[in-house]
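Colleague: Chain by chain, the residues:
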Amino acid sequence: MSLEKIVREDLGIGIGLRTTHFGHILSEWPDLDWFEILSENFMQTEGRPLHILDQIAERYPIVMHGVSMNIGSVDPLDTDYMRELKTLRDRCGARFVSDHICWTGVDGTNLHDLLPLPYTGEALEVMAAKVRQVQDILEAPLVLENPSTYLEFAHSEMSETEFLRELTKATGCGLLMDVNNVFVCASNHGFDAAQYLRELPWNHVAQFHLAGHSVYETHRLDTHDAPVCDEVWELYDLAHQLSGGRSTLLEWDDNIPEFDEVVAEAHKATRYRGEVHAG
Amino acid sequence: MTEAVDLATLQRWMSHVVRHPKVAETAVKSGAARTLIRARRVLAGDVVLPNERMQPTDRLDVYGGAYIARLVGVIRSDFPGLEHALGEDAFCGLAEAYVQAYPSRHPNLNQLAHALPDFISKRTHQPRRAFLRDLARLELAMSEAFHAPQAAALDPGSLGAVTPEEWEHLVIPTHPSLRLLATSYPVNGYLQAVFDEREPDLPKRANSYVAVYRKDYRVWRLTLEKPAFATLSALANGEPFARALQHAGDSADQVGHWFQGWTADGLFIQP
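Protein chains in written order, with the working numbering: chain L, 1017 to 1295; chain D, 20 to 290.
If we strip away everything but chain D, and leave its shape as in the complex, we get (with noise of 0.2 Å):
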């Protein structure tokens, strides 16, 4: 006779079974698995029934290859450009193994890859493990600044009765979707010969700065300069514009010409 299995237990067990590395028949007999119900209970038929086509793993096996196809399908869908360097066979096994370290726990799977970087960064047996986790976080913030709030750009009409004094202390906040990314390769114009179907070559290693925003709604990349990069960086983290200023440096003349154009491209919003 069948012996009930409480829901809680039934469901932590599945959950075990389904998101496994392996098939059911290996993954009911895990530790994780046997410690909620009996390998030997399962193979017999009395918690999953088998048909006549499919044993009760085989029925597990739907769920099974249907859960780690789904989640890298949706990483996949983000990172072309990863996928790209690495290959289909090597960025499905970093995918597998980044969903296994870090299974979702949202409801919704934009937010499925925010710990891809990071992961990438653990990896040390990863080859050009820097040049991916740099490529990686230019992906994810691509994604976040199409997800990110929506918020009205600053008009730039409304900066025209700010005295010279006010533009001292003035503190003018960004668009909720600036990223704004400092690498150690130079993802951005790879990611964009991958857009264009040119085959890059992986890039040699040579600092790079980034803005990623989201205009329009569309999604906006701007390679800019180390001092641009800083000044504007000042600026999102909340700097007065006077104090932001001398992250220009030398080039502290170009910083009107900057701020024009940043401005154009909706990366501040109403103070």
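Isolated chain L, as found in the complex (with noise of 0.2 Å):
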């Protein structure tokens, strides 16, 4: 599929699959748009999750949502990863498989985290050979997500739109926005979110995100365990004018309350999307 049609094609509102909601969901077969799975939790396991999968891929949409890809990372290519990657594509029908602009580990170690990158043009090279290389693989194009990020590197050459900008121009990967990343770093960093949108390469955004987030006395933390924030509603709002409306899908990782709960949270976003409809 063309980064063009995955863009175009709006899926709706969906949510992220957890296994804390299997039952619910094989019993009710509730009413949703779309599901997001976080693609490895279905990798390297041929157990019960992958069971469920495969009869809900059946019944909904399903989007490909990737932790270990490591792409930012000066190691190479993880071709097993990858092997697994497309096999579990093929399998569920994803509409496309996404993952995050950062690196997890080096020399082999896996720090299991979305780490930083500077954002320098080496780095945009590292990732710019490693995006293509992946496409070949996929024969698809490959969307990456912004993430929350904690620190800020002194030699970094330019913003953070601009590696975006520069990185889809460089490789026509798609982006997903993830509009509570914008916000925490944001506040972190100390930059102006709306701006930040306003700057967007937004021919290539497939997605948005949505999550709650946690807030400490020095900095905000991504927790995905709460309801979304007004102040990450607003933004959502301008990325949707922005935009012209995309895929949306609300992330709850941690304290995750039943699925009707989760649902109607995530469902808030038709507020703001009906507006755009509207107008």
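Treat the hints as calculated values from the structure; they're not laboratory data.
Be aware that a few hints might be false.
To be verified - To be clear about the criterion: a stretch of chain D counts as covered by chain L if any three or more of its residues have a C-beta under 8 Å from a C-beta of chain L, and this derived list gives those stretches:
no.: 1; segment: 28 to 41
no.: 2; segment: 59 to 66
no.: 3; segment: 75 to 87
no.: 4; segment: 114 to 124
no.: 5; segment: 232 to 241
no.: 6; segment: 275 to 288
To be verified - Partner residues are not named here, just some residues of chain D that face chain L (Cβ under 7 Å, in silico):
no.: 7; residue: A23
no.: 8; residue: L55
no.: 9; residue: R72
Each residue gets a CB set at the ideal place from its N, CA and C atoms; glycine is no exception.
Hey, can you piece these two chains together into the complex? The hints should help.
Modeller: Structure, rendered in structure tokens:
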């Protein structure tokens, strides 16, 4: 599928598929536009989660979202991982595959975290080369998410939005715009979140993420354990106006409430999506 | 003026600092980190920028704290029996030491604790080491069985046409999820008591035999007597049926009954 088609296909409002909701989904088959899965939860395993995913993928559109591609690392691409990722994509018929603009480890060690990159020409070259490699393997555009970050490197040569623009220009990849992450980073690093959104290459943005976060005295932390805060909804409103409408997903990964409560939180997005559609 | 750091050096340095057991202020001064980037540069804000609320090392600590909390959390979710036996603080200490000794080298976290039983074996100062190792082996086997490849169970009807001569040489493969454990402590009973919230005492030493397997996408544990364990282990090792029978010893007359039960439990797959 071309990036243009991915961007144009607004799947509606989805939520992250989580183990705790398996029973409810299998018994109720609730009305929901789509699910996003954490790719690694269904890789290197043939147990119950994969069996349940097979059933869910028959009834709902699926998008795959990973955390271990390690695409910003100087390590070579893990081809075993990529092979398994592609097999899973083909098995569940995922509309597209996404991961994060980050690195997760080096020299073969995996820290299992979305670690920040310096925004330099060198990092851009490393990432662009690997994005091209991934897209060749997947035979489809890769979609990459802006992460929440808690530090900035002194030798960065460009802003994050400049880095994203250059990356999309060099590779044709898509972007997954996590509006909560934009807000968290803007707060942690002191930039203007609305201006960040205005600087994006919107023709590459394929999807939105929404989530809750935690507020500490010194910083905000992307914890996915609470409702979306008002400031993030305001930013989503702007993002929606700028984009004209994109597939939207709510992430809730800790202290996960009942399925219906997660869906109700996600459906708050209809308020903003409706305004664009009406306009 | 800020001196550029190449990406490989920066990532190796940050990997050391984040994985270091102490806070970043100490970690950046450690030998491994200092050989990559001088601590003075880091503390001066020449690598990671400070902001009005946080020094560079405070910002690195956000990652360091999350790293160990996340990985200990993953181990905790797969080893509730071990945590019960050790208590929360000692369990966290063990898990943190394990993560230091065996940092993850796999993109999937379900591989993280693969060497935990061996790690416990090597902790010579660890009280109740043999019991804890056995318990960790059982819980690791459960995790492995959960994730193991899927395979269609043996249809007992398909064996109807096997002649007595063919039985002798028949090799029946076991399900990929099957794990067979001979332990020095009765850890299966202990773990069940933990699951049942019965607050079990630490058990006395006694040889014990357990089969762990997955059926209908659930993980099961089956305590076995030694002859049954030896026979099933022989079959799992690919010994032909007739040879495997010899492991049953005085219980040879039980083999038919055992085999029927194991087949019903889905322990075998089509030859």
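Colleague: If a hint holds in the structure, say so; if it does not, say that too.
Modeller: Results for each hint:
1. 28 to 41: Holds: 7 residues of the segment 28 to 41 of chain D have a Cβ under 8 Å from chain L.
2. 59 to 66: That given contact holds, which follows from 3 residues of the segment 59 to 66 of chain D lying within Cβ reach (below 8 Å) of chain L.
3. 75 to 87: Held - the segment 75 to 87 of chain D has 8 residues with a Cβ nearer than 8 Å to chain L, which meets the minimum of three.
4. 114 to 124: Our answer is that it holds, as 3 residues pass the Cβ test (under 8 Å) against chain L, meeting three.
5. 232 to 241: holds (count 3)
6. 275 to 288: violated (count 0)
7. A23: holds, 5 Å
8. L55: violated, 11 Å
9. R72: holds, 4 Å
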